[in-house]
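A.B. asks: Here the structure of chain A is known, so what remains is to put chain B in place on it, guided by the hints.
Listed in order, the protein sequences are those of chains A and B. Heads up: the first sequence at position 29 corresponds to 29 in the working numbering, and the numbers run straight through without jumps. Heads up: the second sequence at position 122 corresponds to 122 in the working numbering, and the numbers run straight through without jumps.
Quick caveat, the hints were computed from the structure, so don't treat them as lab data. Accuracy of the hints is not assured; some may be wrong.
Derived DSS-like pairs: lysine-lysine, alpha-carbon spacing no greater than 25 Å straight-line [unchecked claim]:
no.: 1; chain 1: B; residue 1: LYS129; chain 2: A; residue 2: LYS38
no.: 2; chain 1: A; residue 1: LYS54; chain 2: A; residue 2: LYS18
no.: 3; chain 1: A; residue 1: LYS83; chain 2: B; residue 2: LYS110
no.: 4; chain 1: A; residue 1: LYS41; chain 2: A; residue 2: LYS83
no.: 5; chain 1: A; residue 1: LYS41; chain 2: A; residue 2: LYS54
no.: 6; chain 1: A; residue 1: LYS18; chain 2: A; residue 2: LYS83
no.: 7; chain 1: B; residue 1: LYS81; chain 2: A; residue 2: LYS38
no.: 8; chain 1: B; residue 1: LYS90; chain 2: A; residue 2: LYS41
no.: 9; chain 1: B; residue 1: LYS110; chain 2: A; residue 2: LYS41
no.: 10; chain 1: A; residue 1: LYS18; chain 2: B; residue 2: LYS110
no.: 11; chain 1: A; residue 1: LYS41; chain 2: A; residue 2: LYS18
no.: 12; chain 1: A; residue 1: LYS38; chain 2: A; residue 2: LYS18
no.: 13; chain 1: A; residue 1: LYS41; chain 2: B; residue 2: LYS80
no.: 14; chain 1: B; residue 1: LYS129; chain 2: A; residue 2: LYS41
no.: 15; chain 1: B; residue 1: LYS90; chain 2: B; residue 2: LYS129
no.: 16; chain 1: B; residue 1: LYS80; chain 2: B; residue 2: LYS90
no.: 17; chain 1: A; residue 1: LYS83; chain 2: B; residue 2: LYS81
no.: 18; chain 1: B; residue 1: LYS129; chain 2: B; residue 2: LYS110
no.: 19; chain 1: B; residue 1: LYS129; chain 2: B; residue 2: LYS81
no.: 20; chain 1: B; residue 1: LYS80; chain 2: A; residue 2: LYS38
no.: 21; chain 1: B; residue 1: LYS81; chain 2: A; residue 2: LYS18
no.: 22; chain 1: B; residue 1: LYS90; chain 2: A; residue 2: LYS83
no.: 23; chain 1: B; residue 1: LYS129; chain 2: B; residue 2: LYS80
no.: 24; chain 1: A; residue 1: LYS18; chain 2: B; residue 2: LYS80
A few chain B residues that don't get close to chain A, going by computed Cβ distances all over 12 Å [as the list claims (entries may be wrong)]:
no.: 25; residue: ALA73
no.: 26; residue: ASP83
no.: 27; residue: ALA94
no.: 28; residue: ILE103
no.: 29; residue: PHE115
Pulled from the structure, derived: some chain B residues nowhere near chain A, Cβ distances all over 12 Å [what the hints assert, rightly or not]:
no.: 30; residue: GLU29
no.: 31; residue: ALA33
no.: 32; residue: THR44
no.: 33; residue: ASP111
no.: 34; residue: PRO151
Values in this document were obtained by computation on a predicted structure and should not be read as measured data. The beta-carbon is built from N, C-alpha and C at its ideal position, and this holds for glycine as well.
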Amino acid sequence: MPDDADTDGIVSRDDIIKLAPFFDASENALNPLSREAKEAKSEFENLVTELFQKVRGDSRYTSVAYSYFRGKIRLLCRQYLRKN
Amino acid sequence: MFLRIHFGQIGPMFQPSHFMSSCLDQIVETNEAQVEALRRHAATHPDTTQETACMAFRRQVSLVEGAITNSFALVTSIAKKTDDLAEIAKMWQAMSRACEHAINLVSELKDSYPFCGTRELYNLLLDYKIACDERYHGVSDEILCQTMPTPTGLFPEMT
Chain A
1 MPDDADTDGI
11 VSRDDIIKLA
21 PFFDASENAL
31 NPLSREAKEA
41 KSEFENLVTE
51 LFQKVRGDSR
61 YTSVAYSYFR
71 GKIRLLCRQY
81 LRKN
Chain B
1 MFLRIHFGQI
11 GPMFQPSHFM
21 SSCLDQIVET
31 NEAQVEALRR
41 HAATHPDTTQ
51 ETACMAFRRQ
61 VSLVEGAITN
71 SFALVTSIAK
81 KTDDLAEIAK
91 MWQAMSRACE
101 HAINLVSELK
111 DSYPFCGTRE
121 LYNLLLDYKI
131 ACDERYHGVS
141 DEILCQTMPT
151 PTGLFPEMT
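For reference, chain A alone in the conformation it holds in the complex:
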């Protein structure tokens, strides 16, 4: 097992790896009105919404607010991008 192996939750490390490039292309777009930035933003938001629906289907997490969930995903993407 590699040193940086991570413990997955309902949201997996692979989910973050998939989301991170969209977060990067949206959040760090020099031109926020470019097609690329808009598409990346849309992809990121859609994927986060999909994941949130999966989470809300689990009775342990019904009280998790979307703003918290999205904020945490952003933090994890930011953390991943710094290291990679």
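C.D. replies: Coordinates of chain B only, in the frame set by chain A:
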């Protein structure tokens, strides 16, 4: 250009918040100077039905557009190199205020100078302000998350 050269030299680990605050001050100052120049232009070119007046006015409109779009790109580059989320939030708040300052003036001018690019500039400024606010709110959510306990088993532990 000055800032680009410096960021190229200092690399991603450079984190002096006083330097960034100084950059932000410069950005806001430059934007305000361009917006004020547009206001002066409007006062000295009251009749934009004349082609030469409209051309001069349009050039100043382009300068305001350039100031805002370049500042946005610069703030993005600085924010990307910044670890402190509170600093990033401050940058987007300042950039949003700069857009708002320009919007307030251009909203007055877009009807009196409709054929000199003011309407297009107004729409662009609104879009950029929305983008600044979205980035500010996104970072603010991240800051809030850091103060709350993480539910067990929900997120991966990315060490």
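A.B. asks: Take the hints in turn and mark each one as holding or not.
C.D. replies: Tested hints:
no. : hint                   : in the structure
1   : B/LYS129 with A/LYS38  : holds (15 Å)
2   : A/LYS54 with A/LYS18   : holds (16 Å)
3   : A/LYS83 with B/LYS110  : violated (46 Å)
4   : A/LYS41 with A/LYS83   : holds (22 Å)
5   : A/LYS41 with A/LYS54   : holds (20 Å)
6   : A/LYS18 with A/LYS83   : holds (15 Å)
7   : B/LYS81 with A/LYS38   : holds (22 Å)
8   : B/LYS90 with A/LYS41   : holds (22 Å)
9   : B/LYS110 with A/LYS41  : violated (30 Å)
10  : A/LYS18 with B/LYS110  : violated (43 Å)
11  : A/LYS41 with A/LYS18   : holds (13 Å)
12  : A/LYS38 with A/LYS18   : holds (17 Å)
13  : A/LYS41 with B/LYS80   : holds (17 Å)
14  : B/LYS129 with A/LYS41  : holds (16 Å)
15  : B/LYS90 with B/LYS129  : holds (14 Å)
16  : B/LYS80 with B/LYS90   : holds (14 Å)
17  : A/LYS83 with B/LYS81   : holds (13 Å)
18  : B/LYS129 with B/LYS110 : holds (17 Å)
19  : B/LYS129 with B/LYS81  : holds (22 Å)
20  : B/LYS80 with A/LYS38   : holds (18 Å)
21  : B/LYS81 with A/LYS18   : holds (22 Å)
22  : B/LYS90 with A/LYS83   : holds (24 Å)
23  : B/LYS129 with B/LYS80  : holds (19 Å)
24  : A/LYS18 with B/LYS80   : holds (19 Å)
25  : ALA73                  : violated (4 Å)
26  : ASP83                  : violated (8 Å)
27  : ALA94                  : holds (16 Å)
28  : ILE103                 : holds (16 Å)
29  : PHE115                 : holds (23 Å)
30  : GLU29                  : holds (21 Å)
31  : ALA33                  : holds (22 Å)
32  : THR44                  : holds (31 Å)
33  : ASP111                 : holds (24 Å)
34  : PRO151                 : violated (6 Å)
When each numbered hint is compared with the structure, violations occur for hints 3, 9, 10, 25, 26 and 34.
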